[in-house]
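Residue numbers (our numbering), protein chains in the order written: chain A, 1 to 422; chain Y, 1 to 373.
What the hints contain is simulated information worked out from the structure, not anything from laboratory work.
Even for Gly, the Cβ is constructed at its ideal location relative to N, Cα and C.
Errors might be hidden in some of the hints.
As the list claims (entries may be wrong) - Restraint ranges, calculated between C-beta atoms of paired labels, are given here:
| # | chain 1 | residue 1 | chain 2 | residue 2 | range |
| --- | --- | --- | --- | --- | --- |
| 1 | A | Glu24 | Y | Lys297 | 44 to 50 Å |
| 2 | A | Ala23 | Y | Lys297 | 20 to 26 Å |
| 3 | Y | Thr137 | A | Ala363 | 40 to 46 Å |
| 4 | A | Pro38 | Y | Arg213 | 52 to 58 Å |
| 5 | A | Asp90 | Y | Thr334 | 54 to 60 Å |
| 6 | Y | Glu248 | A | Ala363 | 26 to 32 Å |
| 7 | Y | Glu369 | A | Thr139 | 50 to 56 Å |
| 8 | A | Pro324 | Y | Ala21 | 24 to 30 Å |
| 9 | Y | Ala21 | A | Ser142 | 40 to 46 Å |
| 10 | A | Gly155 | Y | Glu248 | 37 to 43 Å |
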Amino acid sequence: MSTTVSHDIDRVPDAAELERYRAEAREWLAENMPPLDPRADPNQQTKEHVKDLARRLHSGGYSGICFPREVGGAGLTRSHHRVFCEEAADYELPIYLGTPGLSIIAPPIMEFGTEQQREHVAAMLRGERLFVQMMSEPTGGSDMAGALTRAERDGDVWVLNGSKIWSSGASRADWGLVLVRTDWSVPKHRGLSMLLLDLSLPGVTVNTIKMVDGSEEFCEEFFDDVQVPHECILGEPNDGWTVANRLLFHERQSVGGGSPYHFNRPKSARSSARGSDLVGIVGRNGREADPVARQLIGEAHANELVGRQLISRVSDAVASGVLPPIAGSLLRLNTGVTAMRRGSIALGLAGTEGATWEDGDDADHPADQFILRQASCIGGGTTEMQRNLISERLLGMPREPAADKDRPFNEVRRSRREENTR
Amino acid sequence: MQLHLDDDQSIFVDTTRRYLADTSDIATIRALAETERGFDADWWARGAELGWTSLLAPERMGGGGVSDDAVSDLALIAFERGRLIAPGPFASVNAVVAALATSDAHDDLLARLIAGTSVATLAASERGVRWPGPGVTTSLSTVGDAVEITGEKITVESAAVAEAFVVLAAGPEGDRLVVVPADADGVEIAPRRSPDLVRRFADVTFRDVRIGRDAVLELERSDLERVLDIATVLQLAETVGVLDRVLEFTIEWASDRYSFGRPLSSYQELKHRFADMTLWLEASKATVTEAAAAVTKQPEQAGQYVSAAASYVHEHGPELVQDCVQMHGGIGVTWEHDIHLYLRRVTLNSLTCGTVADHRERLASMILEGAGR
Ligand SMILES: Cc1cc2nc3c(=O)[nH]c(=O)nc-3n(C[C@H](O)[C@H](O)[C@H](O)COP(=O)(O)OP(=O)(O)OC[C@H]3O[C@@H](n4cnc5c(N)ncnc54)[C@H](O)[C@@H]3O)c2cc1C
Numbered sequence: 001m002s003t004t005v006s007h008d009i010d011r012v013p014d015a016a017e018l019e020r021y022r023a024e025a026r027e028w029l030a031e032n033m034p035p036l037d038p039r040a041d042p043n044q045q046t047k048e049h050v051k052d053l054a055r056r057l058h059s060g061g062y063s064g065i066c067f068p069r070e071v072g073g074a075g076l077t078r079s080h081h082r083v084f085c086e087e088a089a090d091y092e093l094p095i096y097l098g099t100p101g102l103s104i105i106a107p108p109i110m111e112f113g114t115e116q117q118r119e120h121v122a123a124m125l126r127g128e129r130l131f132v133q134m135m136s137e138p139t140g141g142s143d144m145a146g147a148l149t150r151a152e153r154d155g156d157v158w159v160l161n162g163s164k165i166w167s168s169g170a171s172r173a174d175w176g177l178v179l180v181r182t183d184w185s186v187p188k189h190r191g192l193s194m195l196l197l198d199l200s201l202p203g204v205t206v207n208t209i210k211m212v213d214g215s216e217e218f219c220e221e222f223f224d225d226v227q228v229p230h231e232c233i234l235g236e237p238n239d240g241w242t243v244a245n246r247l248l249f250h251e252r253q254s255v256g257g258g259s260p261y262h263f264n265r266p267k268s269a270r271s272s273a274r275g276s277d278l279v280g281i282v283g284r285n286g287r288e289a290d291p292v293a294r295q296l297i298g299e300a301h302a303n304e305l306v307g308r309q310l311i312s313r314v315s316d317a318v319a320s321g322v323l324p325p326i327a328g329s330l331l332r333l334n335t336g337v338t339a340m341r342r343g344s345i346a347l348g349l350a351g352t353e354g355a356t357w358e359d360g361d362d363a364d365h366p367a368d369q370f371i372l373r374q375a376s377c378i379g380g381g382t383t384e385m386q387r388n389l390i391s392e393r394l395l396g397m398p399r400e401p402a403a404d405k406d407r408p409f410n411e412v413r414r415s416r417r418e419e420n421t422r
Numbered sequence: 001m002q003l004h005l006d007d008d009q010s011i012f013v014d015t016t017r018r019y020l021a022d023t024s025d026i027a028t029i030r031a032l033a034e035t036e037r038g039f040d041a042d043w044w045a046r047g048a049e050l051g052w053t054s055l056l057a058p059e060r061m062g063g064g065g066v067s068d069d070a071v072s073d074l075a076l077i078a079f080e081r082g083r084l085i086a087p088g089p090f091a092s093v094n095a096v097v098a099a100l101a102t103s104d105a106h107d108d109l110l111a112r113l114i115a116g117t118s119v120a121t122l123a124a125s126e127r128g129v130r131w132p133g134p135g136v137t138t139s140l141s142t143v144g145d146a147v148e149i150t151g152e153k154i155t156v157e158s159a160a161v162a163e164a165f166v167v168l169a170a171g172p173e174g175d176r177l178v179v180v181p182a183d184a185d186g187v188e189i190a191p192r193r194s195p196d197l198v199r200r201f202a203d204v205t206f207r208d209v210r211i212g213r214d215a216v217l218e219l220e221r222s223d224l225e226r227v228l229d230i231a232t233v234l235q236l237a238e239t240v241g242v243l244d245r246v247l248e249f250t251i252e253w254a255s256d257r258y259s260f261g262r263p264l265s266s267y268q269e270l271k272h273r274f275a276d277m278t279l280w281l282e283a284s285k286a287t288v289t290e291a292a293a294a295v296t297k298q299p300e301q302a303g304q305y306v307s308a309a310a311s312y313v314h315e316h317g318p319e320l321v322q323d324c325v326q327m328h329g330g331i332g333v334t335w336e337h338d339i340h341l342y343l344r345r346v347t348l349n350s351l352t353c354g355t356v357a358d359h360r361e362r363l364a365s366m367i368l369e370g371a372g373r
């Protein structure tokens with residue numbers, strides 16, 4: 001979809017133009033960006049570091065390649081973006097700015113935002129402001145429209161109460177995009193609003209949550225009578241689900257690898273970027289001649305290549321109207337199942353030799369990474385939810401029965417406990 | 001299969017689609033199952049008039065693509081053939097045409113293949129050798145002015161009616177493709193059965209078969225793999241056509257059939273499997289389209305693309321059709337229901353131009369040893 005931007009990001013530039021762009025980008029990257037430490041976890045980038053990297057990109061005109069010029073983007077195409085990402089494969093990039101900021105949050109701001117709200121996108125591109133996505137709640141993430149966090153209008157402000165959870169990197173963020181309930185007397189999708197929230201406002205508490213790999217990427221937030229100015233509503237009050245739907249579309253594109261707004265690293269079986277270097281593992285274990293290891297290497301490589309080809313095909317099909325935008329779910333489902341399989345392959349290749357490692361060795365260990373494997377099938381909408389979307393919206397199969405359908409939200413049951421006490 | 005066709009390609013595909021719809025319905029396929037050769041010679045010749053066998057021929061003989069990429073054009077035809085599980089040695093004959101086009105010593109044979117009045121097929125596979133080699137044991141040696149071929153090939157398509165075979169053999173300077181007339185002394189053809197009802201195969205033994213030197217096509221390993229990659233990718237495109245059709249009619253079935261008072265397609269367990277199958281099909285279309293294009297447009301990458309596509313499609317294709325059989329219930333395992341005809345084709349195709357294991361091994365050798373560069 002190109003409705004979020006004023007120029008045609010799907011235009012296909014001629015080969016000479018792209019090659020020129022590639023050469024310039026290559027030279028610029030070498031002079032301006034720090035080389036990638038393949039062992040560094042992009043999730044560990046500090047707030048200041050992300051902003052510094054973003055400022056550097058912005059100075060070269062590379063922070064928003066597909067964003068329109070009026071917000072400080074470069075007004076170029078998907079092809080330019082892809083070429084830049086290929087060239088940037090061995091450099092550090094502000095990953096957290098790309099996702100969720102530019103690829104998930106900025107597009108709906110561009111689409112639904114007032115001129116003043118679009119200034120957030122310009123600030124993101126300049127590396128001045130980082131955003132976090134606050135959709136999921138302790139009571140449920142898949143059923144996002146069942147949000148319980150509430151905002152009540154009081155003159156010029158909305159008073160915000162409740163809590164959000166699993167928000168990636170909120171401790172690094174300056175602002176959040178928050179889905180809240182503003183009307184309880186109507187069915188769930190009709191009583192939601194989307195708020196742009198300054199996290200420095202009084203009443204906002206952000207805590208980190210330790211994940212199974214020891215990182216503190218996950219966060220939870222509590223809101224106690226936070227006074228949010230009315231002009232921070234994105235889209236119309238009580239029409240937050242329309243905004244959320246577009247956000248989810250962009251999230252699937254981003255997590256599925258089809259977004260033209262996030263910094264997408266090409267991966268291969270040789271990949272030096274984080275995410276086990278399978279060829280390296282085989283080499284360290286001296287298994288180059290082992291037929292089983294060779295089969296796994298071949299399989300992983302085929303899956304990565306097919307994944308990239310699927311992204312090009314589906315992006316092209318959606319851009320040209322051959323498939324509806326919901327086809328982005330195919331990409332998100334594929335990244336989940338492919339990452340899952342890759343995690344198992346890495347574990348198999350690492351073998352007994354990979355069961356232990358020296359204290360202090362913080363390289364990627366497949367056995368350790370395996371512990372977090374399912375995250376790739378949960379974050380960004382679970383693979384089950386993608387399968388619902390594909391079967392119902394792409395194939396047109398009957399929707400799942402929903403007990404909350406057409407019922408005022410304040411009459412809907414939200415847990416077994418409530419079921420028993422009513 | 002390709003997302004965007006130009007006008008010429010659309011006409012090209014439509015013509016074949018109409019021809020197949022008129023001449024190759026399932027009842028015809030079932031009737032052909034009872035015949036010895038599995039396809040009608042006149043039917044094939046008329047298909048050839050529509051361009052089925054000429055696109056990879058040299059220009060001086062009227063060859064050349066409908067677009068600037070003849071292999072992709074043919075992949076479109078293969079896809080349509082797959083949707084109707086049409087008979088005939090399509091992939092193999094086209095690979096042979098591509099091979100013969102590299103020499104001018106076989107123009108007569110080539111002319112007959114283009115006209116569809118004759119067929120010639122690949123004899124590449126051997127027992128115990130991974131596709132596409134190296135390691136074939138069929139030997140090619142020079143004897144005076146002639147060459148001699150000895151060895152045993154398996155899964156040679158339409159061998160009983162082929163005029164000649166293009167044989168993959170190991171010569172003193174490496175592997176070569178050699179054009180061997182089917183009626184040469186020392187060629188023995190032993191027919192075999194396969195799961196497919198209309199495609200025919202045989203083992204072919206070459207015992208001290210002596211033929212002229214110009215029978216040897218002077219193709220180095222990489223050019224020779226291009227020929228085998230063409231056979232593989234056309235067969236893959238055919239498989240994708242089969243998958244496309246099977247998923248289509250199974251989704252229809254699941255919407256029409258009710259159990260417990262509601263359509264099968266309303267059960268989440270089944271919906272999720274349909275979602276997975278839709279993903280496999282779309283990814284298969286993506287990877288086979290790119291593999292076909294790579295043969296002409298990115299020749300250095302073609303081997304990798306073709307083997308990645310084969311690894312993916314042959315892993316998921318037969319499973320997709322089996323899952324569709326499952327969704328049909330009892331009727332799905334009857335002779336009367338057509339789904340087994342599709343399963344037969346997909347199963348066969350997953351075995352004859354390299355298996356999943358063969359293609360993964362080939363990818364591994366490219367990655368670990370830099371082979372094929
Ligand atoms: C790495 C990571 C990063 C994340 N980042 C963010 C973030 O930045 N911001 C944010 O808001 N959230 C974030 N999340 C949260 C994520 O969106 C939710 O975890 C996810 O949507 C699932 O919600 P849940 O955890 O409440 O599980 P539930 O919705 O309770 O689901 C539990 C299980 O039930 C299945 N299930 C639920 N409903 C159905 C149904 N209708 N049909 C079939 N199966 C169903 C689910 O697939 C899952 O397997 C992140 C999660 C992860 C893992």
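Here's how the hints hold up against the structure:
Our hint of 44 to 50 Å for glutamate 24 (chain A) and lysine 297 (chain Y) is violated, since their Cβ atoms are close to 25 Å apart. Roughly 22 Å separates the CB atoms of alanine 23 (chain A) and lysine 297 (chain Y), a value that falls within the hinted 20 to 26 Å. Distance hint for threonine 137 (chain Y) and alanine 363 (chain A): a CB-CB separation of about 44 Å, consistent with the stated range 40 to 46 Å. Distance hint for proline 38 (chain A) and arginine 213 (chain Y): a CB-CB separation of about 54 Å, consistent with the stated range 52 to 58 Å.
Range check, aspartate 90 (chain A) to threonine 334 (chain Y): about 58 Å between beta-carbon atoms, so the 54 to 60 Å window is met. Between glutamate 248 (chain Y) and alanine 363 (chain A) the Cβ separation comes to about 48 Å, which falls outside the hinted range of 26 to 32 Å. Roughly 54 Å separates the CB atoms of glutamate 369 (chain Y) and threonine 139 (chain A), a value that falls within the hinted 50 to 56 Å. With their beta carbons about 28 Å apart, proline 324 (chain A) and alanine 21 (chain Y) fall inside the hinted range of 24 to 30 Å.
Between alanine 21 (chain Y) and serine 142 (chain A) the beta carbons are some 44 Å apart, a value that agrees with the proposed interval 40 to 46 Å. A C-beta distance of roughly 58 Å is found between glycine 155 (chain A) and glutamate 248 (chain Y), which places it outside the suggested range of 37 to 43 Å.
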